[in-house]
Amino acid sequence: VTGRAGIEALNVYGGVACIPVAALFAGRGLDPGRFGNLLMRRRSVGLPFEDPVTNAVNAAKPLVDRLDAEARDAIELVVTSTESGVDYSKSISSYVHEHLGLGRRCRLVEVKQACYSATAALQLAVAYVASGISPGARVLLIATDVALVDAAAEYAEPATGTGAVAMLVGDNPKVLAVDLGAFGTHSFETMDSSRPTPEADVVDVDRSLLAYLECLQQSFLDYRSRVEDADFTAATFDYRAMHTPFPGMVRAGHRKLMRELAGASAEEIEEDYERRVAPSLAYPGDVGNLFSGSLYLALSSVVDRVRPAAPARVGLFSYGSGCSSEFFSGVVDGDSTAVLAEMCIEERLAARRELTFEEYERLLPETNRCLVPERHRRLEAGRWHEVAAGVPRPGPLLALRAVEDYHRRYEWI
Amino acid sequence: VDDERVFAAVRRSVLEVVPEVDPSAIAWDRTLDDLGCNSIDRADIVTMTMADLAITVPVQEFRQGQDIRSLVSLFRRYS
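Going down the list, the protein sequences come from chains A and B.
Just so we're aligned, residue 1 is where the first sequence starts under the working numbering, counting upward by one.
Just so we're aligned, residue 1001 is where the second sequence starts under the working numbering, counting upward by one.
Heads up, a few of these hints could be off.
Here are the simulated distance ranges between beta carbons [as the list claims (entries may be wrong)]:
#, chain 1, residue 1, chain 2, residue 2, range
1, A, 151, B, 1016, 29 to 37 Å
2, B, 1034, A, 259, 44 to 52 Å
3, B, 1030, A, 310, 50 to 58 Å
4, B, 1023, A, 109, 55 to 63 Å
5, B, 1065, A, 394, 41 to 49 Å
6, B, 1022, A, 409, 56 to 64 Å
7, A, 366, B, 1024, 20 to 28 Å
8, A, 226, B, 1076, 31 to 39 Å
9, A, 191, B, 1016, 23 to 31 Å
10, B, 1022, A, 375, 55 to 63 Å
11, A, 394, B, 1061, 44 to 52 Å
Sample of chain B residues facing chain A (criterion: CB under 8 Å; computed from the structure) [unchecked claim]:
#, residue
12, 1042
13, 1059
14, 1064
Per the computed footprint, the stretches of chain B lying under chain A, defined by three or more beta-carbons under 8 Å from a beta-carbon of chain A, are [as the list claims (entries may be wrong)]:
#, segment
15, 1005-1019
16, 1026-1039
Derived by calculation from the structure, the hints in this document are not laboratory data.
We treat Cβ as the ideally placed atom computed from N, Cα and C, and that holds for glycine.
Construct the complete structure from the given sequences, taking the supplied hints into account.
Following this line, the structure appears as structure tokens:
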């Protein structure tokens, strides 16, 4: 394959509200000695008028608004990847397509495989674009989710975020030119975490960490079997972006592979981590785990932190419980820096309203029922909208207004 | 491989990953969590013990909150 394909544009929606992780530790009485393991500063918090549809639209709108009519009509496929479905049959992408005002000559679909699904969709989209069967085609891929955690989640509560990452995939990949054919995969059935009902996240932390570490190693070894001379060190990858359930997990995975595959000393590992891995953790440490969007939040963090001026190769690792994983790579450069800077991701995350622990607790009974099917529901007009009103943003925000005969109704605020 | 040898391997890994733990606190009925190990420490201890014993236990076999006795019996099953 000689074509180019990858991510043309990318935007993050990390909500309009957040809570300092220290406040959550204090409020829940969690052991402050474990604060350092998480490497989290703040996490995004959803509001009652937000759901996976609004998160997706609010992430994608700034991307779509920048396209001219012709470029918008080239979007032939809208994919949402999520573990926060709102209906067993109807996709989130059908709502997203409507509220973004996209053309009717378009495929709509939703995909699921925990935090891995966006990568599966990205690889299929890249292959579709690179195949040349529809020249100039674009795919709008949106990883969108909501947090369903409370005190029972213990140390996962401060690490779980909410929001979405929207990506335009096409043949002019200014943000990330995917290395076509350079990938490695590793998947097997296991019950490490799941969402068996619309209100329950079930996680076995120990099994999940071990599965993540095994998948990182095995998917990289599979990558190496396809890419001659590939090396886990800086010789092959200038930077690394990985699925980030919490930044401490990425640090541990990096340490393990550098020790086992590169034979690096503790000092070398630490220096290498600061240079090649830490840039990917700035946004995840400020937003929390964005589920299948997490890897792409980490990628945006690399670009915004490093601000590359020349081509640099990023090694990407995607993991989704259950489990499926992939190690792949791509190239970022000065265009990535310029295109991502237009989205002002850092400024918008900084502008989120910080909630107190009391406000956060008041929200939970309502926001944790976000995915529970209801035939009729009307949200009290304007409630919690003042939080959004106080936060500067590029345009109007989509908000849930009501559910009528299971049909979700939205408004712009 | 007997229980005592596997227990000794677990104990070595615990003391290497969390050297501040009181060695006498590492007992059959304690969990790694009881010993103050965070999730990353626990994964490191399990990984190091498997390397030490030259065994591979499928990840599906592990679960949160296992005491050292059940960890030892799991490692024995795959040794």
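Each hint, compared with the structure:
no.: 1; hint: A/151 with B/1016: 29 to 37 Å; result: holds (33 Å)
no.: 2; hint: B/1034 with A/259: 44 to 52 Å; result: violated (27 Å)
no.: 3; hint: B/1030 with A/310: 50 to 58 Å; result: holds (53 Å)
no.: 4; hint: B/1023 with A/109: 55 to 63 Å; result: holds (56 Å)
no.: 5; hint: B/1065 with A/394: 41 to 49 Å; result: holds (46 Å)
no.: 6; hint: B/1022 with A/409: 56 to 64 Å; result: holds (60 Å)
no.: 7; hint: A/366 with B/1024: 20 to 28 Å; result: violated (49 Å)
no.: 8; hint: A/226 with B/1076: 31 to 39 Å; result: holds (38 Å)
no.: 9; hint: A/191 with B/1016: 23 to 31 Å; result: holds (30 Å)
no.: 10; hint: B/1022 with A/375: 55 to 63 Å; result: holds (58 Å)
no.: 11; hint: A/394 with B/1061: 44 to 52 Å; result: holds (49 Å)
no.: 12; hint: 1042; result: holds (6 Å)
no.: 13; hint: 1059; result: holds (4 Å)
no.: 14; hint: 1064; result: holds (5 Å)
no.: 15; hint: 1005-1019; result: violated (count 0)
no.: 16; hint: 1026-1039; result: holds (count 3)
Going down the numbered hints, you'll see the structure goes against 2, 7, 15, while the others check out.
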